[in-house]
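Engineer: Once you've looked at the hints, dock chain B against the given chain A.
Residue numbers (this note's numbering), protein chains in the order written: chain A, 1 to 237; chain B, 1 to 237.
Heads up, some of the hints might be wrong.
Same chains, same names: a pair is fine if it fits in one copy or spans any two.
[Said to hold, decoys possible] Computed cross-link-like contacts, DMTMM-like style, restricted to lysine to aspartate or glutamate with a CA-CA straight-line distance of at most 25 Å:
(1) K138 - D159
(2) K138 - D108
(3) K117 - D104
(4) K173 - D70
(5) K117 - D69
(6) K184 - E213
(7) K173 - D89
(8) K138 - E175
(9) K161 - D69
(10) K82 - D229
(11) K161 - D70
(12) K10 - D70
(13) K173 - D69
(14) K10 - D69
Please keep in mind that the hints were generated in silico from the structure rather than gathered at the bench.
Chain by chain, the residues run as shown.
Number of protein chains: 2
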Amino acid sequence: MAHPIAAQLKVLAFDVFGTVVDWYGSVTREVEALRLGVDAGAFVSEWRAGYYASMARVRKGELAWARIDDLHRAELDRLLDKFGAARLDEAARQQLNLAWHRLDPWPDTVTGLSRLKSRFTICTLSNGNLGLLANMAKRAGLPWDLILSAEVFGAFKPDPKAYLGVADVFSLKPEETMLVATHKADLRGALRCGLATAYVERPLEEGPGVQREESRDPAFTLHATHFNDLADQLGCP
Amino acid sequence: MAHPIAAQLKVLAFDVFGTVVDWYGSVTREVEALRLGVDAGAFVSEWRAGYYASMARVRKGELAWARIDDLHRAELDRLLDKFGAARLDEAARQQLNLAWHRLDPWPDTVTGLSRLKSRFTICTLSNGNLGLLANMAKRAGLPWDLILSAEVFGAFKPDPKAYLGVADVFSLKPEETMLVATHKADLRGALRCGLATAYVERPLEEGPGVQREESRDPAFTLHATHFNDLADQLGCP
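Okay, chain A solo, but in the shape it has when bound:
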């Protein structure tokens, strides 16, 4: 029995980092493999935090518009210094920065997306850049109907331009579009723009050492434990 929201939805837009793919596990494995003598988990957590901080500076106008690839790279150089691994050469830095293009999906991601795609149009709505998202999808077999990015709208989430941009691309009303994410701030941004919202639990997003707060928030339309649960709730075969 599908949730009544299913009848009005046309497009599901997915946050990507954390929601669709496991950035912590994937990048940590790449850092460990380099044997830099750093605490790989701490390094990656700080890299991710630096990305959020850089985006916030872009949104405030303190930094010029930049792709996530470039923000990741600036943070990487800073962290290699800080963690005492500045000996890593340029070619290796370029390779490591592309670890964010090689993120592994969660176990339920591909089957869940394929089920959701059978009933809805599924797209990304990520702050990641288009090239990163396309490379990731090709490697991981993510069956997107369309890859949308902050790069298309010139605005990082939670800027309303990003959420309203998805509906506009498909000539839909906001309420015909649902944001799917494991980040409540992202979902609140979508909610303010009139989109439907689905929270998905990703208890391991920040690594096994971090207890995430995954409680149900009645403000969001749906709460799912994983993508196959979401597909069940939306009546997908």
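Structural biologist: Frame of chain A, contents of chain B only:
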């Protein structure tokens, strides 16, 4: 034996209307089904010509930037008047305008693209808007790694911004990217930007009554009779 260009290529960018899908046949069938009493082939040929003329006016700055959906719609209203079919109501006009989202692929399109995708990243580079291209791909099963459009670059082909934009999205050099198209003006635009080029024959693009000039032009890197021929030339399994 693959052509030597295959070794340097990473991304194949495809023109869509005419190259990937049969706009003449697909839209003509929809116009005929409406029994408007018009010469459907002539109507569709003029609709397509009007789209080119509207884009040219946008490129010259005579018209504000607009999506192809909107340019198609303005032309449709003009042509319904001209062909004496102005009785078509608003809902039917909206439906007919979306015929451009429902274009059928050529017989070799899906198998050829799937083979090319096994070795290269395949994307669109179309003047069509993102929503149109996504709806078309979902319906026709076009296995794009990424959908790129004039809408992303704010510039219609043959503006250099569109061709260079593809390389830039993937952080590649122009010569690592190839434009595949059945339109020589489009390929010349890509050539001027340093992209590799492949002409694909589509003798029926403008309908069975129009003899297209499909001669080999030595300025282009490759000349293929269809997508499977292109896959053969590029060494795809």
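Engineer: Check K184 against E213 for me: Cα-Cα at most 25 Å, and say if that holds within a copy, between copies, both or neither.
Structural biologist: Classified as within: same-chain Cα gap 10 Å, cross-chain 57 Å, threshold 25 Å.
Engineer: Can you tell me if K82 and D229 fall within 25 Å by alpha carbon in one copy, between copies, both or neither?
Structural biologist: Neither: 42 Å inside a chain and 53 Å across chains, both beyond 25 Å.
Engineer: Between the shortest in-copy and the shortest cross-copy C-alpha distance, which are at most 25 Å for K138 and D108: within, between, both, or neither?
Structural biologist: both (17 Å within a copy, 22 Å between copies)
Engineer: Checking an output row: K138 and D159, CA cutoff 25 Å. Within, between, both or neither?
Structural biologist: neither (28 Å within a copy, 28 Å between copies)
Engineer: Can you tell me if K173 and D69 fall within 25 Å by alpha carbon in one copy, between copies, both or neither?
Structural biologist: Answer is between: at 17 Å across copies they meet the 25 Å cutoff, but 31 Å inside does not.
Engineer: For the identical chains here, do K10 and D70 meet the 25 Å Cα criterion within one copy, between copies, both, or neither?
Structural biologist: Between copies only: 21 Å across, 33 Å inside.
Engineer: Could you place K161 and D69 in one of the four classes (within, between, both, neither) given a Cα distance threshold of 25 Å?
Structural biologist: Both, since 21 Å and 21 Å are each at most 25 Å.
Engineer: Since the copies are identical, ignore which copy is meant and state whether K173 and D89 lie within 25 Å (CA to CA) inside a copy, between copies, both or neither.
Structural biologist: Intra 49 Å, inter 22 Å, cutoff 25 Å: inter-copy only.
Engineer: Checking an output row: K117 and D104, CA cutoff 25 Å. Within, between, both or neither?
Structural biologist: Both ways: K117 and D104 sit 20 Å apart in one copy and 20 Å across, limit 25 Å.
Engineer: If the cut is 25 Å between Cα atoms, do K117 and D69 qualify within a copy, between copies, both or neither?
Structural biologist: between (28 Å within a copy, 24 Å between copies)
Engineer: Quick one: K173 to D70, C-alpha cut-off 25 Å, is that within a copy, between copies, both, or neither?
Structural biologist: Only across copies: K173 and D70 sit 17 Å apart there, 33 Å inside one copy, limit 25 Å.
Engineer: How would you classify K161 and D70 at a CA-CA limit of 25 Å: within, between, both, or neither?
Structural biologist: Both. Shortest intra-copy (22 Å) and inter-copy (21 Å) distances satisfy the 25 Å Cα cut-off.
In this structure, the earlier hints numbered 1, 10 are contradicted, and the remaining ones agree with it.
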